[in-house]
Amino acid sequence: MAGNKTIEEGFSSDGFITDQDCFSSVRYRTIPACDNGCGFIAAFNLRKALGQDVAWDDVRAELDGMHRLRIPGPTVLNVMRRYLALRVPEVRETAGREEALAAAGKSRAGIFRYTEGHIPHFVSYIRREDGQFRFFNVAEGLEDCVMSMERFGEEHLLRGMAVVFWVPDEREDPC
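Residues in the sequence shown are numbered from 2 upward in steps of one, following my numbering.
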(Lines of atoms letter the chains of each structure in order from A and count residues from 1; the text may use other names and numbers.)
(Lines give C-alpha, C1' and ligand atoms only; values in the text may rest on other atoms or scores of the structure.)
Protein backbone atom coordinates (compact mmCIF):
# COMPACT_ATOMS: atom_id res chain seq x y z
CA MET A 1 0.00 0.00 0.00
CA ALA A 2 1.28 3.43 -0.91
CA GLY A 3 0.47 5.08 2.41
CA ASN A 4 1.90 8.56 2.82
CA LYS A 5 4.91 8.13 0.55
CA THR A 6 5.79 11.05 -1.70
CA ILE A 7 6.85 10.85 -5.33
CA GLU A 8 10.32 12.10 -4.35
CA GLU A 9 10.75 9.06 -2.07
CA GLY A 10 10.25 6.82 -5.10
CA PHE A 11 13.59 7.80 -6.64
CA SER A 12 17.10 6.51 -5.98
CA SER A 13 19.84 8.99 -5.18
CA ASP A 14 21.02 8.72 -8.80
CA GLY A 15 17.58 9.50 -10.26
CA PHE A 16 16.03 6.13 -11.14
CA ILE A 17 12.46 5.34 -10.13
CA THR A 18 12.62 2.49 -7.64
CA ASP A 19 9.28 2.45 -5.80
CA GLN A 20 6.02 2.41 -7.74
CA ASP A 21 4.04 2.74 -4.46
CA CYS A 22 5.18 6.38 -4.25
CA PHE A 23 3.09 7.27 -7.33
CA SER A 24 -0.37 7.00 -5.74
CA SER A 25 -1.08 10.68 -6.51
CA VAL A 26 -0.39 10.18 -10.24
CA ARG A 27 -2.99 8.83 -12.70
CA TYR A 28 -2.07 6.35 -15.40
CA ARG A 29 -4.72 4.74 -17.61
CA THR A 30 -7.37 6.38 -15.40
CA ILE A 31 -6.22 4.89 -12.05
CA PRO A 32 -3.48 5.59 -9.49
CA ALA A 33 -0.08 4.70 -10.94
CA CYS A 34 0.87 2.85 -7.76
CA ASP A 35 -1.41 0.09 -9.10
CA ASN A 36 -0.32 0.00 -12.76
CA GLY A 37 2.65 2.33 -13.36
CA CYS A 38 5.36 -0.29 -13.81
CA GLY A 39 5.38 0.19 -17.60
CA PHE A 40 6.12 3.89 -17.67
CA ILE A 41 8.53 3.50 -14.76
CA ALA A 42 10.50 0.82 -16.61
CA ALA A 43 10.52 2.88 -19.82
CA PHE A 44 11.74 5.98 -17.97
CA ASN A 45 14.49 4.00 -16.19
CA LEU A 46 15.68 2.43 -19.45
CA ARG A 47 15.87 5.78 -21.21
CA LYS A 48 17.71 7.29 -18.22
CA ALA A 49 20.15 4.35 -18.16
CA LEU A 50 20.91 5.03 -21.83
CA GLY A 51 21.72 8.66 -21.08
CA GLN A 52 18.59 10.18 -22.58
CA ASP A 53 17.45 13.42 -20.99
CA VAL A 54 13.81 12.67 -20.23
CA ALA A 55 11.24 13.54 -17.56
CA TRP A 56 9.30 10.68 -15.98
CA ASP A 57 5.98 12.50 -16.39
CA ASP A 58 6.59 12.95 -20.12
CA VAL A 59 7.15 9.20 -20.45
CA ARG A 60 3.98 8.53 -18.44
CA ALA A 61 1.88 10.93 -20.55
CA GLU A 62 3.19 9.62 -23.86
CA LEU A 63 2.67 5.95 -22.98
CA ASP A 64 -0.77 6.71 -21.56
CA GLY A 65 -1.73 8.53 -24.75
CA MET A 66 -0.66 5.59 -26.92
CA HIS A 67 -3.42 3.37 -25.50
CA ARG A 68 -6.52 3.49 -27.70
CA LEU A 69 -9.02 2.84 -24.94
CA ARG A 70 -9.36 5.17 -21.96
CA ILE A 71 -9.90 2.36 -19.47
CA PRO A 72 -8.05 1.16 -16.36
CA GLY A 73 -5.31 -1.34 -17.00
CA PRO A 74 -1.59 -1.94 -17.27
CA THR A 75 0.71 -0.91 -20.08
CA VAL A 76 -0.17 -3.18 -22.97
CA LEU A 77 2.76 -5.12 -24.44
CA ASN A 78 2.12 -3.82 -27.97
CA VAL A 79 2.09 -0.23 -26.68
CA MET A 80 5.43 -0.76 -24.92
CA ARG A 81 6.79 -2.29 -28.13
CA ARG A 82 5.72 0.76 -30.20
CA TYR A 83 6.99 3.22 -27.59
CA LEU A 84 10.43 1.62 -27.41
CA ALA A 85 10.71 1.40 -31.20
CA LEU A 86 10.08 5.15 -31.28
CA ARG A 87 12.23 6.25 -28.31
CA VAL A 88 14.90 3.53 -28.09
CA PRO A 89 15.35 2.37 -31.68
CA GLU A 90 18.36 0.18 -30.85
CA VAL A 91 16.20 -2.02 -28.61
CA ARG A 92 15.75 -5.68 -29.49
CA GLU A 93 13.05 -8.06 -28.27
CA THR A 94 13.41 -11.67 -27.21
CA ALA A 95 10.64 -13.96 -25.92
CA GLY A 96 10.81 -17.17 -23.91
CA ARG A 97 12.27 -17.61 -20.44
CA GLU A 98 15.67 -19.09 -21.33
CA GLU A 99 16.04 -17.03 -24.49
CA ALA A 100 15.18 -13.80 -22.65
CA LEU A 101 17.65 -14.52 -19.85
CA ALA A 102 20.42 -15.28 -22.35
CA ALA A 103 19.77 -12.07 -24.33
CA ALA A 104 19.50 -9.95 -21.18
CA GLY A 105 22.73 -11.44 -19.84
CA LYS A 106 24.59 -10.00 -22.84
CA SER A 107 22.83 -6.64 -22.78
CA ARG A 108 23.73 -3.25 -21.41
CA ALA A 109 20.21 -2.49 -20.14
CA GLY A 110 16.64 -3.50 -20.73
CA ILE A 111 13.10 -4.17 -19.57
CA PHE A 112 11.59 -7.51 -18.63
CA ARG A 113 7.86 -8.21 -19.04
CA TYR A 114 6.85 -11.20 -16.94
CA THR A 115 4.47 -12.21 -14.18
CA GLU A 116 5.50 -11.22 -10.64
CA GLY A 117 3.29 -13.22 -8.30
CA HIS A 118 0.12 -13.36 -10.38
CA ILE A 119 0.39 -9.88 -11.88
CA PRO A 120 1.94 -8.87 -15.24
CA HIS A 121 4.91 -6.64 -14.50
CA PHE A 122 7.59 -4.57 -16.28
CA VAL A 123 11.00 -4.29 -14.60
CA SER A 124 14.01 -2.36 -15.88
CA TYR A 125 17.62 -3.29 -15.29
CA ILE A 126 21.12 -2.07 -16.08
CA ARG A 127 24.42 -3.95 -16.24
CA ARG A 128 27.00 -2.98 -13.66
CA GLU A 129 30.76 -2.97 -14.24
CA ASP A 130 31.14 -6.08 -12.04
CA GLY A 131 28.87 -8.13 -14.34
CA GLN A 132 25.93 -8.08 -11.93
CA PHE A 133 22.66 -6.34 -12.81
CA ARG A 134 20.80 -3.61 -10.98
CA PHE A 135 17.02 -4.10 -11.07
CA PHE A 136 14.40 -1.45 -10.30
CA ASN A 137 10.87 -1.78 -8.89
CA VAL A 138 10.85 -5.60 -8.83
CA ALA A 139 8.73 -6.20 -5.72
CA GLU A 140 8.27 -5.06 -2.13
CA GLY A 141 11.74 -5.08 -0.56
CA LEU A 142 13.40 -5.32 -3.99
CA GLU A 143 12.90 -1.75 -5.16
CA ASP A 144 16.58 -1.26 -6.01
CA CYS A 145 18.53 -4.50 -5.94
CA VAL A 146 21.60 -6.11 -7.46
CA MET A 147 21.79 -9.74 -8.54
CA SER A 148 22.96 -11.96 -11.34
CA MET A 149 20.69 -12.50 -14.32
CA GLU A 150 20.53 -16.18 -13.39
CA ARG A 151 19.28 -15.39 -9.89
CA PHE A 152 16.67 -12.98 -11.28
CA GLY A 153 15.39 -15.77 -13.53
CA GLU A 154 15.37 -18.35 -10.73
CA GLU A 155 13.49 -16.09 -8.33
CA HIS A 156 11.20 -14.08 -10.62
CA LEU A 157 10.65 -15.70 -14.01
CA LEU A 158 8.65 -18.52 -12.49
CA ARG A 159 5.49 -18.78 -14.62
CA GLY A 160 3.86 -17.41 -17.69
CA MET A 161 5.41 -15.60 -20.60
CA ALA A 162 8.75 -13.79 -20.31
CA VAL A 163 9.80 -11.11 -22.77
CA VAL A 164 12.84 -8.88 -22.61
CA PHE A 165 13.43 -5.64 -24.49
CA TRP A 166 17.20 -5.28 -24.44
CA VAL A 167 19.89 -2.94 -25.65
CA PRO A 168 23.08 -4.61 -26.91
CA ASP A 169 26.22 -4.02 -24.91
CA GLU A 170 28.63 -2.26 -27.23
CA ARG A 171 31.47 -4.19 -25.55
CA GLU A 172 30.07 -7.44 -26.98
CA ASP A 173 31.50 -8.56 -30.32
CA PRO A 174 28.55 -8.63 -32.77
CA CYS A 175 30.17 -11.45 -34.79
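By construction, these hints were calculated from the structure, which means they are not laboratory data. Just so we're clear, the structure is a prediction, and the values are computed from it rather than from any experiment. Even for Gly, the Cβ is constructed at its ideal location relative to N, Cα and C. Among the clues, some could well be false.
To be verified - For each label pair, taking beta carbons as the anchor points, the in silico distance ranges come out as:
no., residue 1, residue 2, range
1, N79, G118, 17 to 27 Å
2, E130, Q53, 16 to 26 Å
3, A56, N79, 19 to 29 Å
4, R93, N5, 39 to 49 Å
5, D131, I32, 22 to 32 Å
6, G118, N5, 17 to 27 Å
7, S14, R69, 29 to 39 Å
8, G132, G74, 34 to 44 Å
9, D15, R69, 17 to 27 Å
Tested hints:
no.: 1; hint: N79 with G118: 17 to 27 Å; in the structure: holds, 23 Å
no.: 2; hint: E130 with Q53: 16 to 26 Å; in the structure: holds, 21 Å
no.: 3; hint: A56 with N79: 19 to 29 Å; in the structure: holds, 24 Å
no.: 4; hint: R93 with N5: 39 to 49 Å; in the structure: holds, 40 Å
no.: 5; hint: D131 with I32: 22 to 32 Å; in the structure: violated, 39 Å
no.: 6; hint: G118 with N5: 17 to 27 Å; in the structure: holds, 24 Å
no.: 7; hint: S14 with R69: 29 to 39 Å; in the structure: holds, 38 Å
no.: 8; hint: G132 with G74: 34 to 44 Å; in the structure: holds, 36 Å
no.: 9; hint: D15 with R69: 17 to 27 Å; in the structure: violated, 35 Å
The structure is inconsistent with the numbered hints 5, 9, although it conforms to all the rest.
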